[in-house]
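With the hints as a guide, bring both chains together as one complex.
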Amino acid sequence: MSREQELSRVFVELADTLVADFDVIEFLHTLTERCADLLEVDAAGILLTDQQDSLQLVAASTLQAKQLELFQLQSEQGPCLDCFTTGEPVSCADLTAQPQQWPRFAAAAAEAGFVAVHALPMRLRERVIGALNLFSVDPTGLNHTTLALGRAFADVATIGILSERAAREQNLLSQQLQNALNTRIIIEQAKGLLAERRDLSMDQAFTTLRGYARDNGRKLTEVALALIDGDNSITDLTHPQPIR
Amino acid sequence: MDRIWELVTRYVAGGTVSVGSVCAACVPALGLDGAALWLAKDVNRRLLIHATDKISGVLHETQFTLGEGPCVQAWTERVMVLTPDLAADDAAVRWPMFVPEALLAGAGAVFAFPLQVGAIRVGVLDLYRKRPGPLTPAQLADALAFTSAALTLVLRQARSDTDQTSNVEQTLPPDGLSGGQVEVYQATGMVAGQLDTGLEEALLRLRAYAFAHAMSITETAQLVVDRQLRFGGEDDD
Numbered sequence: 001m002s003r004e005q006e007l008s009r010v011f012v013e014l015a016d017t018l019v020a021d022f023d024v025i026e027f028l029h030t031l032t033e034r035c036a037d038l039l040e041v042d043a044a045g046i047l048l049t050d051q052q053d054s055l056q057l058v059a060a061s062t063l064q065a066k067q068l069e070l071f072q073l074q075s076e077q078g079p080c081l082d083c084f085t086t087g088e089p090v091s092c093a094d095l096t097a098q099p100q101q102w103p104r105f106a107a108a109a110a111e112a113g114f115v116a117v118h119a120l121p122m123r124l125r126e127r128v129i130g131a132l133n134l135f136s137v138d139p140t141g142l143n144h145t146t147l148a149l150g151r152a153f154a155d156v157a158t159i160g161i162l163s164e165r166a167a168r169e170q171n172l173l174s175q176q177l178q179n180a181l182n183t184r185i186i187i188e189q190a191k192g193l194l195a196e197r198r199d200l201s202m203d204q205a206f207t208t209l210r211g212y213a214r215d216n217g218r219k220l221t222e223v224a225l226a227l228i229d230g231d232n233s234i235t236d237l238t239h240p241q242p243i244r
Numbered sequence: 001m002d003r004i005w006e007l008v009t010r011y012v013a014g015g016t017v018s019v020g021s022v023c024a025a026c027v028p029a030l031g032l033d034g035a036a037l038w039l040a041k042d043v044n045r046r047l048l049i050h051a052t053d054k055i056s057g058v059l060h061e062t063q064f065t066l067g068e069g070p071c072v073q074a075w076t077e078r079v080m081v082l083t084p085d086l087a088a089d090d091a092a093v094r095w096p097m098f099v100p101e102a103l104l105a106g107a108g109a110v111f112a113f114p115l116q117v118g119a120i121r122v123g124v125l126d127l128y129r130k131r132p133g134p135l136t137p138a139q140l141a142d143a144l145a146f147t148s149a150a151l152t153l154v155l156r157q158a159r160s161d162t163d164q165t166s167n168v169e170q171t172l173p174p175d176g177l178s179g180g181q182v183e184v185y186q187a188t189g190m191v192a193g194q195l196d197t198g199l200e201e202a203l204l205r206l207r208a209y210a211f212a213h214a215m216s217i218t219e220t221a222q223l224v225v226d227r228q229l230r231f232g233g234e235d236d237d
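These protein sequences, in sequence, are chains A and B. So for the first sequence, the UniProt record's numbering puts the first residue at 1; every next one is plus one. So for the second sequence, the UniProt record's numbering puts the first residue at 1; every next one is plus one.
Treat the hints with caution; some may be incorrect.
[What the hints assert, rightly or not] Simulated restraints on C-beta separations: (1) A:R3 / B:K130: 55 to 61 Å; (2) A:T207 / B:A13: 50 to 56 Å; (3) B:R45 / A:D94: 20 to 26 Å; (4) B:E201 / A:T207: 23 to 29 Å; (5) B:K130 / A:R198: 49 to 55 Å; (6) A:R125 / B:R45: 52 to 58 Å; (7) B:A138 / A:R104: 29 to 35 Å; (8) A:Q100 / B:A138: 35 to 41 Å; (9) A:D203 / B:R230: 47 to 53 Å; (10) B:T197 / A:Q100: 47 to 53 Å; (11) A:G211 / B:R45: 34 to 40 Å.
[Unchecked claim] Chain A is faced by these chain B residues, among others (derived, beta-carbon under 7 Å): (12) A88; (13) A119; (14) V122; (15) G133; (16) V182; (17) T188; (18) A192.
It is worth saying that the hints were derived from the structure and are not from the lab. All residues carry an ideal CB built from backbone N, CA and C; glycine is no exception.
Just chain B, with the same shape it has in the complex (with noise of 0.2 Å):
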């Protein structure tokens, strides 16, 4: 994950890291040819955060025009989508009207990743290669954690538009989303039903309360999970 932090860096050299210069970044670390990142709330209320190329606007465009494509599973099965030969028949029967499309276009490979933390969604990445074949298990492993690092930084930026910094560490201290902190999922669900909220606002909540306290989003889910903080009314802090 470091190395991912260090390539996006590197990448908008100095500059401001956001969840498009994730995107940017992923597509020469991968060598692919191009990427598009789009949040939504769902499928029909999406904006489109970065587009890499003209291609991958298109490709965005198109499966959001015909409702059907590899974003747009990857979306609504809340899975990976790999699409090695978009020429090759399954992916015609998978989506008819996307696919004549799409090799219009120039794309031989589309790849969608959704960002997502369980039964949180936030968007999608979707990558393509103009010459198809598969991603292999390296490029796979790296596009994961894009789509870990876009996902990171649009849950902060949730948090505080007015907590802008350019400094990655400052940015990004680690937080258990992507390993195996099963205590913060849980805790997620139950701030959820103390504030009758969902979960994406009830994690936005758990780490502003950590972040405000100066403790790790563990440390804060461990005390929600034994009762011993609650998330109830106005000022829970």
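Chain A with its partners taken away, still in its complex shape (with noise of 0.2 Å):
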């Protein structure tokens, strides 16, 4: 398949599952996944800003990802924080170069193996609600092409959080923020509770929870809410069978 066609198919995929009764969370590891596979860099994360303008992570692709989003948040320096503030796009193809813009972002950007970080805000109009981030191992720029890839990316992720109805009115758009922020939350509490069930790291309980949600057709959130609540349905997902 070439390029296009990869993208196309993606793109596609991601429309498809833009239904009106869509899982946000799952939906945006999905998009930062494809990003990685497709914009020829190693990772990509997402953060989003809530109500009172904090931003949290909602999503990354790997777990260095996910480290280094983190660190930005609790050191409140770095590109992506920049690019959101800013509301343009913060692009850094070696952190290596001196002088350093953001010396404690870039030790710990090394320490988690990147080089380069590109950071594309997530825009409604005049509101910034986030940042699509991407991450390299290799100093990397990205070329013209790559860059509107990873605009319509973010456009895409945008949407996804969005409906169409809460573009047009302020307060709804807050809503969709919050709940996509809430279903977040209750993600992280059905995955500290499976961990403890069944002795699983945090990202081998998010992997597990989220397979099981594709194998078994179900929302994520759905599945998340089913474990915490005790149901019935699926005592299989903390009590597996063991394979004959």
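This is the structure:
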């Protein structure tokens, strides 16, 4: 398959998930993975703002990207924060170059194995609702085509979070954002519960939860809530049958 | 958030800050006409904690008598429900029985905010205004902050009824509940698994442990996530 064919396949896949009753966190995770596959970067992450304008991590394609995103939020410094604040793309093709714009971030990125970072704003007209961040292990700039594609991904992510209705009204936008963040918390709680029940790491717990939802054609959030509520329909998730 | 506590403290003028006073303080702060706050285990077992005026009380009763309305929806769907104009068509389609009653009672706009942390739900803050119209972004942000303040108090009160204090600073250490403290959410799930209990109970146990050991809830949660601390038998501390 050519890159173009592959791209159109991915956009169709993402569009397909944008039905009325879709799972926002699952969607954003898929999106970060597709970004990493198709944009010639090694990882991607998405930060989203809440009503109080504080940023939260909602999805990341790898553990390293997740840790680096969290580091930025904690240290309140880094290209993704700058991108969110200014609403403009921020790119650094080589974090090891001098002078260092974000010294603490550069050190953390090096530890996570990343050398280049690109942050693209997720915008709805004048309001910036988050940022799509791309990480590379090699020094790389983004060429014009890749940048345009990255922006398309950022737009798709924005559309995924907001319904068409929300785009028309400020308060509906806030409702959707708040809802996405609460959904994220539900999934964290379910991860903890599953990690405990099956003695898994948090990342294994997430993969298991997500795999289970996919295999059974159910929404990620629905599975998470069923797990928390001790719903009998998912006993095979908490007590998997041994393979015979 | 600090500003919200300041508003609540000023409102009670030296008295005890309670969930009810948060509910009462938000009405003048937001420039609305009334508020009701109720706590619940499920939608049928609820307790009205405070209603600032007669109309708020009527709106609350009506919704639960009829089993429909913004605050019932806020609870069941775990989302805030903003209805800037009850007289507009879509409101009557959503709640055909509630809307005429609410209009008759004198409400023009109703806004319902669930008190929740992920899957943990403890109640709903229900606000109304006589005149229709949306909340401004600033009002919405404040309404969410008041909701979060009420939630913090509910979780704190449940922890220990003996821990009575009117000092807001003492009552409300930063605990990361509204922040991005992922480990707190994960640890809540883990402790629920360890104790075979609900998330709300698990969060209370985490907070109680943190309090008893003079640690922050984030530090405590980190120990749990790192599997250095377990909540198991009777005496886990």
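| request: Please flag the earlier hints that this structure goes against, numbers listed from lowest up. | output: The structure breaks hints 3, 6, 9, 12, 14, 15; every other hint is satisfied.
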